[in-house]
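Chemist: Chains L and U are the protein sequences, given in the same order.
Note that our numbering has the first sequence beginning at 1, numbered continuously upward.
Note that our numbering has the second sequence beginning at 305, numbered continuously upward.
I should point out that these hints are in silico values taken from the structure, not numbers from a laboratory.
Just so it is clear, CB atoms sit at the ideal spot from N, CA and C, and this is done for glycine as well.
Hints may contain errors.
[Unchecked claim] A few chain U residues facing chain L, derived, Cβ under 10 Å:
{"id": "1", "residue": "Ser562"}
{"id": "2", "residue": "Trp564"}
{"id": "3", "residue": "Ala589"}
{"id": "4", "residue": "Ile669"}
Listed here are the chains, written in short residue letters.
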Amino acid sequence: MGSVMQVVFDAASLGSLYALGALGIALIFGVMRLVNFAHGDVIAACVFVLLWPSVDAVAIVFAGNLPWFLLVPFVLAMGAALSVASEVVVFRRFRNANPATMMIASFALGFVIRYFLLMLYSSRPKSISLLPTLSQPVEIMGARIPLLQVITIVVTIGVLFGLTSFLRRTRFGLEMRAAAENFTMARVLGVRANRVIMGAFALSGALAAAIALILGSQTGTANIVMGANVMLMAFIATVIGGMGSLAGAVIAGFLLGAIAVVMQVILPPDARAFRDAFVYGAVILVLIFRPQGLLTARGTKERV
Amino acid sequence: MKRVIAVLAASTCLGSAAFGDDDRIVVGFATAETGFMQAYDKPAQDAAMIRIAEINEAGGLLGKQIEVVNADTKTDRAEGAKAGLSVIDAGADIVVVSCDYDFGAPAALTAESSGLISFFLCAESIKAGIQGVGPNSFSASVLAPVQGATMAQWAYEKKEARSFYRLLDTWTEYNKGICDGFDYMLPQLADATLVGEDTFLNEDASIAAQITRIKGLPEEPDAIMLCTMMPGAVSAIKQLRAAGINSMILNGSGVDGSYWLSAVPDLSNFYTPVQGSIYGDDPNAEVTAFNAKFKEATGGDPSTQYTYPGYVMIDVWAKAVERAGTTETAAVVAELEKMNAEPTLFGPRTFTSELHHQNQARYLIVETNAGKPGVVDEWTISAPIPVADLMK
């Protein structure tokens with residue numbers, strides 16, 4: 001029982017990470033049909049804001065020394081600010097460009113962020129002790145797991161409920177959903193486009209920051225390319241979840257995490273090195289049977 | 305440092321002056337001055353510059369001052385070949401290339417095709433040498449399998465480890481090399497058993513599933529052979545300890561350094577093989593003196609043991625040139641290949657016509673206890689790893 005629960009927790013915590021990433025990408029895709037490939041670099045930047053710029057091997061911890069109740073809001077705010085800034089400075093100029101152009105712009109922005117970090121902090125991965133108390137093991141239902149895994153799962157579920165009620169119950173959420181469904185119509189009906197889009201970017205940036213906090217405390221490392229892997233998985237999750245569908249992105253994120261963990265458990269040792277090939281194989285299978293994704297966002301149907 | 309810069313500046317100006325001029329001895333660095341490899345190439349190159357400055361101060365090589373030319377590979381393989389050509393055009397007698405086989409090979413191959421000696425700063429794959437470049441190519445470091453074999457044998461003999469667990473990060477050849485050495489050594493250790501094995505990827509956000517497998521064992525293994533490198537190593541170690549696994553963790557040299565220890569506070573029972581100690585407690589006082597010299601030249605202490613191979617490289621090459629009485633490639637290679645347990649600051653070095661790399665080496669064993677690393681022992685594997693086993 002203990003070992004089954006252990007696998008369930010492993011899958012849920014990895015899935016949470018992917019789900020948070022997928023949500024960040026789906027939110028922006030929903031309102032402006034932009035696949036934001038800079039998302040991974042925003043994640044990396046959010047970890048680096050905790051450090052003072054230096055190219056030394058030893059990280060000079062700066063904001064990372066804040067107590068957690070200041071640290072968490074600080075990182076979330078920085079993520080949101082960076083994301084909003086990228087919309088104001090870059091993506092706003094591409095408002096009427098086609099999605100492919102915007103995607104290329106997002107790649108370019110990602111490179112700019114990454115090389116800016118490279119310039120300030122060098123390519124050497126830095127070590128940080130972020131929220132070290134979360135590395136304590138705890139015992140739940142016979143499984144002994146790091147506290148961070150539990151918090152990751154709880155935070156993700158919390159974010160999902162929070163976001164759902166925000167989208168359903170608030171005026172801003174309503175506007176955002178309207179914009180996601182039919183942007184032109186929403187604008188005609190008085191939804192302020194820039195405000196909605198900036199809101200989506202702020203939320204997406206804060207989600208990137210949440211991933212940064214989890215990754216940072218889990219791995220103890222700040223690395224300029226650290227967001228790339230999560231970004232890739234999150235992007236795949238948004239695709240198999242159905243582009244633009246928030247619920248689909250979350251479900252697919254959890255599904256990917258679960259597949260990755262289960263593959264690691266059941267594959268024979270020689271095949272484990274190719275775990276990701278099996279994971280992507282499963283992705284291909286999903287897309288063969290449901291090319292539109294698991295859930296289809298209503299807004300995307302007639303546009304594709 | 306001023307002197308180093310002066311030599312650099314002088315040599316760069318002179319660089320393009322006279323190609324093939326036999327009155328000059330020129331070391332060409334086709335290494336990464338920018339991009340991510342810079343973090344790995346720079347310290348070893350700084351150490352090489354210290355040895356060059358020492359030789360020049362003592363009257364030079366064959367009575368001539370060693371000059372230096374540089375070209376930036378920009379951590380790019382295509383640029384690497386160009387950088388190699390550029391230092392050769394500037395009259396290099398030896399081409400020093402990037403730390404890593406993949407990034408150093410283009411410049412090394414350029415040197416090989418020009419009939420020049422190439423030296424990898426600190427590559428630890430057997431390909432960095434005869435097998436992957438050609439008969440004039442060498443590496444200044446020690447093969448990765450030696451690290452895995454050293455840790456397995458040492459833990460068995462000195463720590464009475466009997467049950468081993470093998471955790472391989474399949475990202476690089478270096479990681480696989482460490483585990484290959486471990487695999488070679490384990491069957492030679494009577495009653496040592498492999499109780500399990502698993503793989504992960506350096507960039508994996510979580511190795512929870514791998515940890516669950518270790519925790520599923522009837523007993524915690526005596527030692528975990530962790531074949532990985534930065535940055536994933538920190539993440540793996542942190543997660544292993546966070547999950548309450550207290551087994552001895554054995555590693556390759558890639559995790560040397562105290563710069564990352566803040567990420568895993570109070571880490572204990574953690575062992576690493578190193579060629580020399582950066583912690584000021586090397587049994588050889590000259591290494592500590594070198595560390596001081598390095599700090600004076602660069603403004604900082606060496607951050608990992610990968611600084612040292614750069615020094616060894618110039619040291620053995622200069623000795624070979626001195627003995628050959630010329631910088632001519634064939635003569636110098638022949639002298640290098642005669643070196644058998646040649647003493648250096650960082651242990652004896654051997655080159656043969658079969659292998660331009662170390663398949664046996666003296667390693668210091670660094671233990672990290674309560675977050676403090678320090679040398680606790682030294683170990684040389686009982687026999688060199690046969691080349692056939694290295695080629696697997």
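Chemist: For each hint, tell me whether it holds in the structure or not.
Modeler: So, going through the hints one by one against the coordinates:
1. Ser562: holds, 8 Å
2. Trp564: holds, 4 Å
3. Ala589: violated, 24 Å
4. Ile669: violated, 22 Å
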